[in-house]
Every structure is written in C-alpha cells, then in structure tokens.
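**Student:** Residues per chain, in single letters:
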Amino acid sequence: MPNTTAPNPNHTNAPSRDTAADNATLTFDNWGYRHASRKHFAVRGLSLTIEAGQRVLLLGASGIGKSTILEGAAGLLGGDSQTVTADDGTTSQLDADGGVTEGRVLIDGTPVQQAHGRVGLVLQDPDAQAIFQRLGDNVAFGPENLNVPRDETWQRVARSLDAVGMTGVQLHRSVMHLSGGQMQRLALAGALAMRPGVLLLDEPTANLDPNGVEQIVDAVRGVLDRYHSTMVLVEHRAGPWIDMIDRVVVLGLETDDMQRARVAQTGDEDEVDRSGFRRTVVVADGTPDDVFRNPDLDFAELGIWVPAKYRRPGDEITRIHTADEPAYSARTGNGQVVLTTDDLAIGRAGKPIAEHIDLAFSSGQITALVGMNGAGKSTLSLTLAGLLEPVSGRVRASAELAAGADGDDPFAWKSTELASRISYVFQNPEHQFARGSVLEEVMLGPLRTGCDEEEAERRARELLTRFNLIQYAKANPYTLSGGEKRRLTVAASLAAAPRVLILDEPTFGQDRRTWMQIVTLIHSLRGDGVSIIVVTHDRELVTALGARLVELVPADTAGEWKTRGAAGANGVPAGTPQVVPVSAVNERTEAPKPSSRSKVIASMNPAFRLIGAMLASLPLLLSLDWVSASVALGLEAVILMAVGFTPWRIVKSTWPVWIGAPGSALAVLLYGKSGGATWWQWGMIHVTDRSAELALATAVRILAIGIPTIITVLGIDATDLADAFSQKLRLPDRFVYGGLAGMRLFSVLQDDWSALTASRRSRGLGDDNKFKAFFPQAFALLVLSIRRSTTLATAMEARGFGGDGPRSHARVSETHARDWVFLAVCLAIPVVALVCAGLAGTFAFLGGN
Amino acid sequence: MTAATQNVNFKWRVVDIAVASVIGVASSLVYWLVATLTYTPWSVLDAAVPGLPGIINGLWLFAGPLASIIVRKPGAGLYAEVVAAVLEALLGNIWGISTLYIALVQGLFAELGFAVFAYRKWNLQTTLLSGVLSALGCWGYSFFTNLQAISFTGSYGVVYLITTLLSGLVFAGVIVWYLYIAIAKTGALDKFASGREVRN
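Protein chains in written order, with UniProt numbering: chain R, 1 to 849; chain D, 1 to 200.
Same shape as in the complex, but just chain R:
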C-alpha cells in the first residue's frame, strides 16, 4: 500500500478553491429521526456513505423519509438536544423541536452540526428560500453567517451568480419580480456562496415550468463541472438530470413481519405503511443503468417518472380512460356550451394584459389553459370563475348554467350562486380550507347552496368514499398529506355540484402515484357532464386527459406549445392550441428606490431617522398647550418645506393624523377637563372654555407629533434599517434579521389574503357580512403565516443562520456628521416649542390638573 501516507485528495482544501475540487464525504451512521408528535420514526437505522464527488439520485416512495434525510444531512435536525436513555438501554437525542435523533450524520468524519457551511441545501419551494427583499443580499447571507470578510463575500456573490447563469444581474433588484426558475437559481447561488462540499437538492424543480426546469438543471450541471461538489438529489422526474447522475440509491423499509423490505405504498395510501417498521434500508444501489434496468423494481409504485431512455412499456403516459366515460371526446365535449367569453379583456387593477378573447366551454369538455409563467393564465381562469372583474367585455353563462341565478354574469352572482355553478380549486390547498374537519369541509358547499344537513352529509360521505378519504372524515384538513389535501379540495369543490370546475396547476409537485390519482379523478368527472378547465404546464397531463389546448402567447414570444407542439412522448399530437395573444411579459430593470421624497432625509442613516422622529415628537407630550403645539407644528412645516416637501405632499403623506386629530379633539371638547364658562351640558357631555382650549391644543399637538414621526420614517428600506440596528445600535443579529426576514413575507401574505378572499367567494362563503367573515379568514391567514415562517426558519438555518458564532456584515451602515446635525435639529423642535410655552406661561405639565 504505497499510498497510505498520502492525504486523500478529496479531503484537502486545494490552494485555488474556486476551481479545484473541494468536496466532502457524507456518511449516515445508523441514523434515524422521529418528528415531533409522530408515533413512528421517519427514518431509522440508516447506514449509507456517499463518497466525495459522487452525484447521487435518491429514490423512494412518498413518505419514506427522503426530505428528512436531506434535512438531517444539512444538520437542520436534532439541534440543542439532550440524551434520553430508553428502557432497553439504547440512547437517543431529544431536541427542542420535540424530535428524536439516533445515530450520527458525518461530513468528512465530523458530526454535521459542527461542519458549518460544508453542506448546502436547496429546497422545493422557490418563494420560501428568498429571505430578503434584494437579490444580492440573499446570496451574501450564507457567507455573512459563516463570518466571511466583506470583500470576499461580494466576490463569492458575483462568482455564485455567475455559476448559476445570472452574471451581472442587478444586486438591488427585488426578488418579487423574479420568475420561479430565476428564484430557484438564486437559491442555488445562495447555497454555493457558502462553498459547500456537499450540495443537497430536495425536488428543486417540482414547482417550476418547463423553462424553469431547464434553467435549474443547466445551472446545477455548470456548478458540478466547476466545483465537483458531492451532490444528493431527490427528484420524482429524474429525466432531465439523469446524464449527470453516477449513482442511484433506492430506499425501502425493513419490517418485523416480512423478510422482504417494503418499498412502496399500497392502494391509494399516501404514506408507506409503517406498522412493524424496523429500519430504513437501501434496496437498490448502483449506476443508473444498473438500477433503472432492474426488472424487480416497480418505479410506478415508487412514484418515479422513469427517464425516457429507461422506459419500459407501461411507464409511458398515454391517454387514460375511466369507467362511465361518455362517448364524445374530451376535446370537444357534448357541444352544449355552458360558458362563453365575448370580446373579453382580462387584467388586474384595470390594466388589460389580453383583449378580444372569444372562447367557449362545453359540458364534458376538458380544456387545458397553457402558456409560460406570467403570461396571465391565472388572471384568465379567475376571470372565467367569476372571481376577478373583466377589464372590458364579458364572461357569459349559458341559460342552462345561469338558471335560477341573478343574470348571466358570473362576477355579478352572489357567492352562493357561484359555488353551485362554477368552482375553482386553488393551487395551494391551504388557501381553500374553511372548516375544522374533512367531513365538514366537504359538507360546506352543499350546506351553503341550500341542502339540508342530512343530504349534505350523505353527499359528502359519498364523495369522500369515492376519493378514498373517508377514513379521515374527522381529521383536521391541514393535517393531511399533500396529495390527500389536493383530493380533498377537489371533493369539496364538487360537493356543491358545479357545472364548471376550474383547477389551478392540479399536478404541481406531485409524484407519479399521486399524479395518476389526480389525473384519473379529473378524467372521471367527465362522466358527470362537468366542463373542466385546467391551468397547467404539465404536458403529460394534457396527453393523459386528451384535453383541448388554449395557449396564452405573450407578444414577444412564439409560444411554447404552439411551436413545439403538444406531442406526448409517444408522438401522438394533442392538437394545435387555440392561441390567445397577451401583452409581453417584461423583464424590467429597476432603478434603486429613494428612501424618502426628500434628498436630505434620504441621505440620513435609517436608525438616526428613527431616533430623530422620537426626539422630535416625544418631548412634546410633556405639556399640553396650544403655544408649544403650534410652535412645533410651525417649525416642522418650515423645516420640511426647506428639505423639499410641499405643504400638499405633507398632508397627503400624513392623512391619518388629519382624521385622528379632530376625532380626539372632539372627545376632549365633549368630555375633557372643565373650567370657565359652560357652553353646553348634557349627560356626560360638558363643554366649557377650558375643554375647548384643550381640544384645540390636542388637535394641534397630534399633528405636531404625528407629522414628523410619519414623514421622517416613511420610505426607509427595511434592510437598511436592520443593518443600522445591527451595526449602529448593536441589537442582536438573530432578532434583527429574523424580524427582517419575517417582514419580507408581508407582501406574500397580502397575496395570500387575496387568494383567501377569492376562495371563500368561490366556496359560497362570500356573502357573509364583513365582520363575520373576517375572523375565519384571519385564522386561515395566521395558519399560513406560521407554516411559511417555519419553512423560512429552515431556509435560514440551511444558510448557517442562528449559530452562536460571530457574523460578518456584507453591507455597511454608515453615519456621518450630518446624522448628528439631523438629531440636533429634531430635538430642537420640541425644546424651542416648550421654551416658548414656558415664556408665554401656557406650559401645562401632562395637560395640567
């Protein structure tokens, strides 16, 4: 063995880390994890070594624990734990999340918790991984958490963006305007900037359109060629990846009762049966050729889309057929038109993105609404569903569909009229849930549209049985698995017996098994004579359903489906799509936004602006008198005009205080401290000389306090403020940046709120009075926000955030002499005002007696 003294080349850091291999070996040593509140371990007794530089595709049925394995490999599980010894003497680690860890995960022999930054993880949901508003800050976040010096951080940002094909992109650009593919490449760049030796990809393309999939696969290929990182990929649709994979590992469960490992789910079960579960085992391991040509593995049962070159007869997706299928074709329906559009223009906020749309939808017809991301598919489908107002033209229900409703315009219908006619299934099932149990969820539609309790329950049970959900009748809808949630939303929509059913991306992110269930389900609805409209990117779905195609084609493109044709993999064309031209999806550049309308104020440090606002306002509370209030208000007006505000702009920016001030003044006038002549007395009301004077002082003072506190703060960029809090006020980074990341979700939650409002209208809940409807909807929002924030926490920890070690700061928060001058001016306002009041003899401490 001549080589024993030589270091393993894979384990050393080569001098030029940018191009040379810096990959690591990942080892699971009898590793297991049980999530909080679960009876069974998700993964147990797993022993697996992935050598440095290997590119591994990890396969296994839904619920076998693939995501848990990746989270474990990224060191996100089992933090802050204590040792627990079981009755049989074995030890495990109970962590603060309530989970239990057994065994170890090692990176180059070091426990993963101590291998900071050695593992990079990219998750499924692109939106969940953008932590900050500005693009560049997201990439810099990982290096900051690893305490990388500032200059090197920005070099890494540039190189990582370059590696994922985003060279030269504007770093201040908002992530709100990125497509899914761009977002996911950004997430990859964020992981790369940490210089990970192991790259973990958890279904990175599940939520992307075909164009986005291409982008991310190319980006990963480029990264692996450059850095030779170890890669572990979890993905149902392995096709686009297969030529860069050199090892495929298939996982199964070993149970007490069976010799053979249990590999797949049974029947319609969404999770693998874990009774008698003993440990997670590798059931197949080898090159792609070895594994995919292994005749013993049933990939369809595993939920895997077999890559094209390994497909066997039966793996191909072809046109499907279901029992009780009508004789007419799905492409045409039975010819009875239920919904038409007349010269329709669609858009949001009155701005049309497409005009002159004339479409017709028939009973028993399946229409696929296709087109690239951002083309306006959702806008059109929401308009068809009576959930969005047409910009011009109209959506018209046929006489048959409109029978019994008020007119033939779906948007004008009452919510209950809509629910029994046109139903909309949202992409995110959690936008739709409105009740505490699965049974009530399905009964909701019938109850709202006039069924009695008994009939509603009968119908609901029938649907739950048909959709194989009856065993969950009493369960909380949120606790179901992904595929079950989706089946439930379809069942709940159907329960109101609509004639038109619109589904938004029903197959997004599903494995092949769940996909098959959903597609079969949609197809079977044809037998009920329902007109079905699916919004989709999924070519296999179109093939399987034999759907009519309607493509939205932006003005600057040729259209994806039109040019390529929607041929299924078997070469049978799905027909030429009917084209709806829409306006161009613009790729815009953004100018950095000024942080105030005044250049002077914008140039101040954000923390100083905040402190200045406090200094200018708080001391005024010492005295309630008209002199100090008026002097302060006058000074503020002069100063604000001097720094570039017009009086009208001041009033417009601060309108709430102009309503609040007279309101409070009126209360003081009627109920305030009395003295002098009585003007009017009635019940509790006592208007006097003194209360009138105090009312005036109150109103003016509210303005004097309110105006600077709004105007000096308005427009501050949250990220700049956080940097100032961290660097100037020395507040702890964990809380500052945790809060900042939460704030980015505000706009996401606003969109959630709109979706919740629309879904409630679609489900017949939209007619309730606002107050009554508000609370359940606020509840749904809170549940969504908590789910989003736990994902956010995972994404932040995956970038090394939250440790106790020092952090660096990629951005500098600057202060200059002018910031101190600004504070002095702010403080001078109340001081001068109060001195004036003292000289005039009107000073009244806290309003006087």
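Treat the hints as calculated values from the structure; they're not laboratory data. One or more hints might be untrue.
[Said to hold, decoys possible] Below, computed lysine to any residue pairings styled on SDA-like, alpha-carbon distance capped at 25 Å:
id : chain 1 : residue 1 : chain 2 : residue 2
1  : D       : Lys185    : R       : Ala773
2  : D       : Lys185    : R       : Ala434
3  : D       : Lys185    : R       : Asn428
4  : R       : Lys728    : R       : His809
5  : D       : Lys11     : R       : Lys485
6  : R       : Lys652    : R       : Gly715
7  : R       : Lys770    : D       : Lys11
8  : R       : Lys652    : D       : Trp32
9  : R       : Lys414    : R       : Ser378
10 : D       : Lys11     : R       : Gln727
11 : R       : Lys485    : R       : Ala473
12 : R       : Lys351    : R       : Gln578
13 : R       : Lys39     : R       : Asn468
Knowing the structure of chain R, use the given hints to seat chain D on it.
**Tutor:** Structure of chain D alone, referenced to chain R:
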C-alpha cells in the same frame, strides 16, 4: 409528555424568532385591514359615543399574547409587537413611528401576564391576564398621549377603561386562546411545545 420537555428552555431557536416575527407581520396585515375598514368611522364615533372605541381596542392587541402563548419564550410578545410596529411605520400606516411606542407599552404589559408566573404557566388564565394587562397598557397610553386633556378618573376615563379591559379580555384573551388551540390542531405548531401539548 416526558419530564424533559417540561424543563423551561429560554434559549430562542431560529424557528421561535421566525414564528414570533411572522405573527407580528401577519397581525399588522390584519390590523391594517381592520383599520382600512374602520378607521374613519371609528375616529368620529370615538368622540360621539364615549366608551364605544374601547370596545374594539382589543382587536389591536392580539399579536402580543398570541406570540407569547405559541412561542413561550420571554420577550416573544414584545418582539412580535415591535416587528409589527416597525413594519407599519415603514409602510406609512396610521401613526408612523408612534406605533412603536404603543407597541412597546402593549407588548410589555402583555408579557407581564406570563412573567408574573415566571413563564411557567401557559393556560387560559394567564392568557386572559395577558390580554387584560395589554388592554390596560393601551388605555394608559391613550390617556398619557392623545387624551391628556381628559381626566382618566372621570366618567369618560372609567367607561373607557372598562370597555377597553373587556375588549382586551375577549379579543386578546379568550379569542387568542381558542385561536391558538385551533392553530395547534392544524399541526402547524408541531415544532413547539405549545403545539404538541394540544395534539398529543
């Protein structure tokens, strides 16, 4: 429940920070929606019908007690309120940075409800106490600022106190408690002792 999970661990995890801050963010969205619905009429009614404004004051108070009862770390209620207030100030809603003052007062008072039991009792009673104390802070703040000219011991002050406390008891106490139970039942809180307590 095993004995181990009952040990009080005051160290904040990343998920504690994220959830507390997002409860603040979601609350500020809810506040903002309530405000746009009620702000103008409310300001007028405030004056015309003494006590009525107090009745809906509790609607602005739930972030603190809710974050506390879910996250169960000292400071969670205060943190959620401050995140909400800073966000509202940056968006230019209603009162600018003044929202930060009232958030500090309400947050601190909400914390008190749990602090007096050394952050070891997490039940309906402590949640009610937190809601009521938060309302007390809200009431005191009003009289220290906008309503200095009204005697807080006079009839208006007393009526306003009673209605505000009642509102705090209902909206920031009772409703927050059942809201927390309902959220826990969805499984969204499984990473928290508060969620596992309800689900197990």
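**Student:** Take the hints in turn and mark each one as holding or not.
**Tutor:** Hints, verified against the model:
Between D/Lys185 and R/Ala773 the alpha-carbon distance is near 21 Å, which keeps this suggested pair within the 25 Å criterion. This hinted pair checks out: D/Lys185 and R/Ala434 have alpha carbons roughly 14 Å apart, not beyond 25 Å. With a C-alpha separation of about 19 Å, the suggested pairing of D/Lys185 with R/Asn428 holds against the 25 Å cut-off. Using a Cα cut-off of 25 Å, the hinted pair R/Lys728 and R/His809 holds, with the two alpha carbons roughly 12 Å apart.
Of the supplied pair hints, the one linking D/Lys11 and R/Lys485 is violated, its CA atoms being roughly 35 Å apart against a limit of 25 Å. In summary, the hint linking R/Lys652 to R/Gly715 is supported, as the alpha carbons are separated by about 14 Å, within the 25 Å threshold. Taking the CA atoms of R/Lys770 and D/Lys11, the gap is about 41 Å. The hint is violated against a cut of 25 Å. Of the supplied pair hints, the one linking R/Lys652 and D/Trp32 holds, its CA atoms being roughly 18 Å apart against a limit of 25 Å.
Taken as a hint, the R/Lys414 and R/Ser378 pair is honoured in the structure, with Cα atoms around 21 Å apart against an allowance of 25 Å. In summary, the hint linking D/Lys11 to R/Gln727 is supported, as the alpha carbons are separated by about 23 Å, within the 25 Å threshold. Distance hint between R/Lys485 and R/Ala473 is fulfilled; the C-alpha atoms sit about 12 Å from each other, no more than 25 Å. The straight-line distance between the Cα atoms of R/Lys351 and R/Gln578 is roughly 23 Å, inside the 25 Å bound, and the hint therefore holds.
Between R/Lys39 and R/Asn468 the alpha-carbon distance is near 23 Å, which keeps this suggested pair within the 25 Å criterion.
This entry does not satisfy hints 5, 7, going by the numbered hints stated previously.
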